[in-house]
Every structure is written in structure tokens, then in C-alpha cells.
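Chemist: As a plain string of letters, each chain reads:
2 protein chains.
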Amino acid sequence: MATAWSESMLQLVRKMNNFYSPGSSRARCLRFEVADRHVGWILPEMVSILKNFPDVFDPPKDGAISLSSSLDSHAKRSEVMDGVLQTLRRNDALTCLKGWREEKYDVMARYCDTPLMSMERSATSLFGVKRYGVHINGYSRSDDGELRMWLARRSATKQTYPGLLDNLAAGGLAAGMSIGDTAVKECEEEACIPAAIAKKARPISTVSYTYEDGEGVFPESQFVFDLELPADFQPRVGDGEVQEFYFLPIDKVKELLVSDDFKPNCALVVLDFLIRHSCIDPDTEPYYQEFVEGLHQNL
Amino acid sequence: MATAWSESMLQLVRKMNNFYSPGSSRARCLRFEVADRHVGWILPEMVSILKNFPDVFDPPKDGAISLSSSLDSHAKRSEVMDGVLQTLRRNDALTCLKGWREEKYDVMARYCDTPLMSMERSATSLFGVKRYGVHINGYSRSDDGELRMWLARRSATKQTYPGLLDNLAAGGLAAGMSIGDTAVKECEEEACIPAAIAKKARPISTVSYTYEDGEGVFPESQFVFDLELPADFQPRVGDGEVQEFYFLPIDKVKELLVSDDFKPNCALVVLDFLIRHSCIDPDTEPYYQEFVEGLHQNL
Numbered sequence: 001m002a003t004a005w006s007e008s009m010l011q012l013v014r015k016m017n018n019f020y021s022p023g024s025s026r027a028r029c030l031r032f033e034v035a036d037r038h039v040g041w042i043l044p045e046m047v048s049i050l051k052n053f054p055d056v057f058d059p060p061k062d063g064a065i066s067l068s069s070s071l072d073s074h075a076k077r078s079e080v081m082d083g084v085l086q087t088l089r090r091n092d093a094l095t096c097l098k099g100w101r102e103e104k105y106d107v108m109a110r111y112c113d114t115p116l117m118s119m120e121r122s123a124t125s126l127f128g129v130k131r132y133g134v135h136i137n138g139y140s141r142s143d144d145g146e147l148r149m150w151l152a153r154r155s156a157t158k159q160t161y162p163g164l165l166d167n168l169a170a171g172g173l174a175a176g177m178s179i180g181d182t183a184v185k186e187c188e189e190e191a192c193i194p195a196a197i198a199k200k201a202r203p204i205s206t207v208s209y210t211y212e213d214g215e216g217v218f219p220e221s222q223f224v225f226d227l228e229l230p231a232d233f234q235p236r237v238g239d240g241e242v243q244e245f246y247f248l249p250i251d252k253v254k255e256l257l258v259s260d261d262f263k264p265n266c267a268l269v270v271l272d273f274l275i276r277h278s279c280i281d282p283d284t285e286p287y288y289q290e291f292v293e294g295l296h297q298n299l
Numbered sequence: 001m002a003t004a005w006s007e008s009m010l011q012l013v014r015k016m017n018n019f020y021s022p023g024s025s026r027a028r029c030l031r032f033e034v035a036d037r038h039v040g041w042i043l044p045e046m047v048s049i050l051k052n053f054p055d056v057f058d059p060p061k062d063g064a065i066s067l068s069s070s071l072d073s074h075a076k077r078s079e080v081m082d083g084v085l086q087t088l089r090r091n092d093a094l095t096c097l098k099g100w101r102e103e104k105y106d107v108m109a110r111y112c113d114t115p116l117m118s119m120e121r122s123a124t125s126l127f128g129v130k131r132y133g134v135h136i137n138g139y140s141r142s143d144d145g146e147l148r149m150w151l152a153r154r155s156a157t158k159q160t161y162p163g164l165l166d167n168l169a170a171g172g173l174a175a176g177m178s179i180g181d182t183a184v185k186e187c188e189e190e191a192c193i194p195a196a197i198a199k200k201a202r203p204i205s206t207v208s209y210t211y212e213d214g215e216g217v218f219p220e221s222q223f224v225f226d227l228e229l230p231a232d233f234q235p236r237v238g239d240g241e242v243q244e245f246y247f248l249p250i251d252k253v254k255e256l257l258v259s260d261d262f263k264p265n266c267a268l269v270v271l272d273f274l275i276r277h278s279c280i281d282p283d284t285e286p287y288y289q290e291f292v293e294g295l296h297q298n299l
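Going down the list, the sequences are from chains A and B.
Quick note on numbering: the UniProt record's numbering labels position 130 of the first sequence as 130, and the sequence is numbered without any gaps.
Quick note on numbering: the UniProt record's numbering labels position 61 of the second sequence as 61, and the sequence is numbered without any gaps.
A hint or two may mislead.
Identical chains share a label here; the pair holds if one copy fits it or two copies do between them.
[Claimed, not checked] Below are the EDC-like pairs computed for lysine to aspartate or glutamate, each with C-alpha atoms no more than 20 Å apart in a straight line: (1) Lys254 <-> Asp226; (2) Lys51 <-> Glu241; (3) Lys200 <-> Asp283; (4) Lys200 <-> Asp232; (5) Lys185 <-> Asp226; (6) Lys98 <-> Asp226; (7) Lys199 <-> Glu228; (8) Lys185 <-> Glu102; (9) Lys185 <-> Glu103; (10) Lys254 <-> Asp281; (11) Lys199 <-> Asp283; (12) Lys185 <-> Glu244; (13) Lys199 <-> Asp92; (14) Lys98 <-> Glu45; (15) Lys199 <-> Asp281; (16) Lys98 <-> Asp55; (17) Lys200 <-> Asp144; (18) Lys185 <-> Asp283; (19) Lys254 <-> Glu7; (20) Lys199 <-> Glu146; (21) Lys185 <-> Asp281; (22) Lys252 <-> Asp92.
No lab work stands behind these hints, which were simulated from the structure alone.
Given only the sequences and the hints, what does the whole structure look like? Please build it.
Modeler: And the structure:
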């Protein structure tokens, strides 16, 4: 019953959730706790590194590493953590810190919780803290009803996933920014979409998954927006994060999704779009249920 | 930040996933295996009952109860299981079998797998086998763009959840029926919607959850359809499963969702609809992420 496309798509969904697959390092990971809240996952390889900062991290206990309780405010925790990360960055020991962004991410157990601290974006995977972002699906319908999607090709000089296909616009949720404002901002900056049009983007879902790679653990949730663009509207390259935009029929989008040409988490956002827009039929797609659950994993 | 509505909705989402909550009987349950595939969950209270059928069930081993491997075909398994269930029904020991339906459900590890056997619907919870259904959201938009939903009130004589609010139409997926055909059939039977209109229902998601109660374990996945009805169309009471239909503004629907007046799994299907139709804003709904993940739990 399964087709090659279905099998490839299922593999991608599983790969993006490999932290919860058999054989992952999850069983060996320690919880990262701040103020008694579980906010992340620490790979065992990090434990010996963190032991060098005994004033900042308590020794491992009951499967968890905690930030010292003497750090009892958002400001203190953020400042001390920044000092640790700057030290590690100078020591050049951790690859991911070479991509230092000067961009702060909030750290909290759930999105709705008051942030306990903030942390440099490139370091979040070392502590496996949840990251939130905003992705915008751009699409139009022709007069005869045919659905087409806008895809972006990332700049060849992007730090992560250079040259790969991406959603119309997307970006991380920086500390203190609202979700809606981030969507409008990314549309403007990356695709030169005027705010008057970008504000029509409709929030419709989250896509959440947790993967691990050599650089740590990535529990991510993307707030997803659909933006129906006027049929004659063309996004334009803006801040240089994108090199080109494509306006593609759904069959072509489906084909690209399972190619190596797509940034993997953006492929999940498109899969969610295809399901919600009935481009995938549960009577012919054998893994329909597995796709939907894989797109919305618990963080 | 959280409102009373948000808290009530989160409680409902959690209640419908209570099998995976701390304190559930999951840790004490045995896996139910057929032909070496894990197809369900058996509450410890059932183990002594199943011991009375040593030719059918192997003794518990490694946390699992298996159907005897001598039952090596769909036909043999289904027939022998039917014999067991008829015996238990005559003995009057199990409440859920009082609701015997004469309706067969397929048993398989994943929806896309070839069914290993079939089983009387009212007995599925005793073995915690996955159940699949189809739910149809009916809605219209007025000329000024206001969205309204159709809800059904279940007949006072329904065996389960009598008198409670329900989606426009819904039904279990009987062995051998396609998902699309089931949607059209339920629309016709329960709401007198002609096939020509019902066929416009669009498959857009699944809503999946696992709960337990005194009658067993319920891992369920509902294939969800959205059906936009003409503004002047009125569903009518059909086969007597419904007593009345209501056409309600979204604010009223939201209010009813967290009342005791709603069949709980149908409330989840409506919550999914409200999220997909941007009736809930991630910047003001604190549990947006928790809602989306709770609506799509792994079976």
C-alpha cells in the first residue's frame, strides 16, 4: 500500500523526532532544571564541561543538573549563564558556539510560563531548551482553483542549512517578541511583504518535534501561519537570508519535500499545510495518522 | 495569563489523554499482542478472566498477553475471539459488553496495516485496541464573514453520552469501510445531508488521544473533515441518533466546549477546528502549544 513518497516522508518525520526513537541518547541525558522546573536536556558529554563551573551548576542529582538556587532572579541567571557561555566560546571547545548569534532566547518549562532566564540562541541545544519560532506558508489559488505554494531558497551564505528550500518566511521567536509581530516582521524582512498584507497571515497550528545531533538536543515548536497572497503578488529577496523565491504547484512541492533539497523542519511545516489543505487523502496515504501525530509531538 | 476557559480546556485535553498521565494504570497494563504485533493494552483486572481461555491466550509473558500463535489467520482469530466474547457476555461479568453492538472493528498495530482480526466494537476497550472514527465539522460563513458551526445534540436514548452535544455527524470506522465513504454515509444517515453536498467534506486532520476509565483503555483516532455548508442549508434529524441541530456563533461554541454538555472527544474535534480556523490566537491563548500537542497524541 505504501509508496516510495510515503516511506521517505515517514523517515523524515521520524528523523525530526529521533530524540524519542529507540537508541537515542535520551535515556542517558540529564534533565536541566532551573528553579525546580524541567526546562531542557543535557547530553552526558556536557556533564564534565559543566563541572568546571561549580558555582553555577549543582552536581548531577537524581538524573538532573540544576542551576544553583543562589541564582534567584531572571537577571542573575541570564548574566551568569552568559559568562559561562562566553568562557566556553573562548575555549573553542563547542562547535555550536562558533555560530554565536548575539540573539537571546527565553528559557521556560512551557511557552506560557514566565521566562526563568534568557540564553544566547546558539547555546540552546547544549542545554536542550525548547526553542520557538514562526513559519509562514505563502500560497495562492489560481482562477481555476489550483493551489500553488511559495517556497524560498535560503542564501548560500546562511550559517545553517545554506542553499536549501524553506517556507516563504520564518524566524526564531526572540525574547520579548509576540508571535504575531514576529510573523509580520519576518515577512517584511525576508520577503519584502508589506505589513498590510503580512497582517493577513492567519495563525493555524503549531508543528513540534524533538531531534538530536552532535550539537545537542533540539525540542522545537513552530507557530505556523497561512498567508494567502494575491495571485499577482511576488515576494522579493529582502535582508539577504533568501536567494530566490519559487511559486510551485502542489505536486512539485510534494516531490521536493522528500528530496535532500529541503530544510527538514520546513518540510514538516509544508506537510502540515498539505494535510490541512486536503492535498493528502487519508484513504490513499497509508501513514496519514503517523504524519499528523509526528508533526505535533510533545515537547 | 491563563483564563478560566483556558484552564478548563486544558483539563479536558488532559482528561482525554489520562492513560499517559502520572498515576494512570498504564504501568500496570499488559500489552496485547497478536502475531507478535502490539495491538492493544489489557488492564490487570482482565488477566484473571482471560486465564479461563488457555487455548486462546498464552499466559502473560514479558509484560504481554498474546493471542495463541496457533490462531494463524484473520478468520480463525476473529471466530475464536467472538466465542470468548460471547461467553463473557453471557456471564454478564463485564459492563461494557451489555452494550453489544453487532458491529465489527478491525484490529491492527497501525491503521495502514492489514487487519489481523476483527472484534465486536463494545469489546475493544477490554483489549485497549485502537479505534478509528470519522468526525465532520459543519460550518457556514455569513455574508459579513462571520463563522458559525453546526452542532448536534445526541438522542436521549443513545447508549453512550445520551443528550450531549456532538459534531454535525460522526461515526466509527467499521471493518472494510473507506474513510471518505464513512464520512458521506454518516452525513446522510445522521443529518440528512445529500451525498452531493456531503462529498464536499474535506479531510483535514486526525485528532488522537488515549483515555482509560472503568471499562478499559481507549486509544482513538478520529479522521476529521470540514464541511462548509451553503448558508441556507439546514441539516435534519435522520436515523434518530440526533435529537436536534444548532447553528451557533463561535463564542457560544467556545463556551459550550468547556461545559458538561459536550461529548468530550467531540469537544476536542471542535477545539482542533477552532485552532485551524484562527479562532484562537497563540498570543492570547496561553496553552496553544499544549492544546495542539494534546489533540494529536501518539496512539
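Chemist: Since the copies are identical, ignore which copy is meant and state whether Lys200 and Asp283 lie within 20 Å (CA to CA) inside a copy, between copies, both or neither.
Modeler: between (33 Å within a copy, 15 Å between copies)
Chemist: Under a CA distance limit of 20 Å, which applies to Lys254 and Glu7: within one copy, between copies, both, or neither?
Modeler: Classified as within; 13 Å inside a copy, 38 Å across copies.
Chemist: Within a copy, between copies, both or neither: where do Lys185 and Asp226 come within 20 Å Cα-Cα?
Modeler: within (15 Å within a copy, 31 Å between copies)
Chemist: Since the copies are identical, ignore which copy is meant and state whether Lys199 and Glu146 lie within 20 Å (CA to CA) inside a copy, between copies, both or neither.
Modeler: Between copies only: 19 Å across chains, 24 Å inside a chain, cut-off 20 Å.
Chemist: With identical chains treated as interchangeable, where does the CA-CA distance between Lys199 and Glu228 reach 20 Å or less: within a copy, between copies, both, or neither?
Modeler: Within one copy only: 11 Å inside, 25 Å across.
Chemist: Please work out whether the CA atoms of Lys98 and Glu45 approach to 20 Å or closer within one copy, between two copies, in both situations, or in neither?
Modeler: So Lys98 and Glu45 pass the 20 Å test inside one copy only (18 Å; across, 57 Å).
Chemist: With identical chains treated as interchangeable, where does the CA-CA distance between Lys199 and Asp281 reach 20 Å or less: within a copy, between copies, both, or neither?
Modeler: Classified as between; 13 Å across copies, 31 Å inside a copy.
Chemist: Evaluate Lys199 and Asp283 at a C-alpha cut-off of 20 Å and name the case that applies: within, between, both or neither.
Modeler: between (35 Å within a copy, 14 Å between copies)
Chemist: Go through the copies and call it for Lys98 and Asp55: within, between, both or neither, with a Cα cutoff of 20 Å.
Modeler: This pair counts as neither: shortest intra-copy Cα distance 25 Å, inter-copy 64 Å.
Chemist: State whether the alpha carbon distance between Lys51 and Glu241 is at most 20 Å within one copy, between copies, both, or neither.
Modeler: neither (38 Å within a copy, 65 Å between copies)
Chemist: With identical chains, the pair Lys98 and Asp226 could be close in the same copy or across copies; at 20 Å between alpha carbons, which is it: within, between, both, or neither?
Modeler: Classified as neither: same-chain Cα gap 34 Å, cross-chain 47 Å, threshold 20 Å.
Chemist: With 20 Å as the alpha-carbon cut-off, assign the pair Lys254 and Asp226 to within, between, both or neither.
Modeler: within (17 Å within a copy, 23 Å between copies)
Going down the numbered hints, you'll see the structure goes against 2, 6, 13, 16 and 22, while the others check out.
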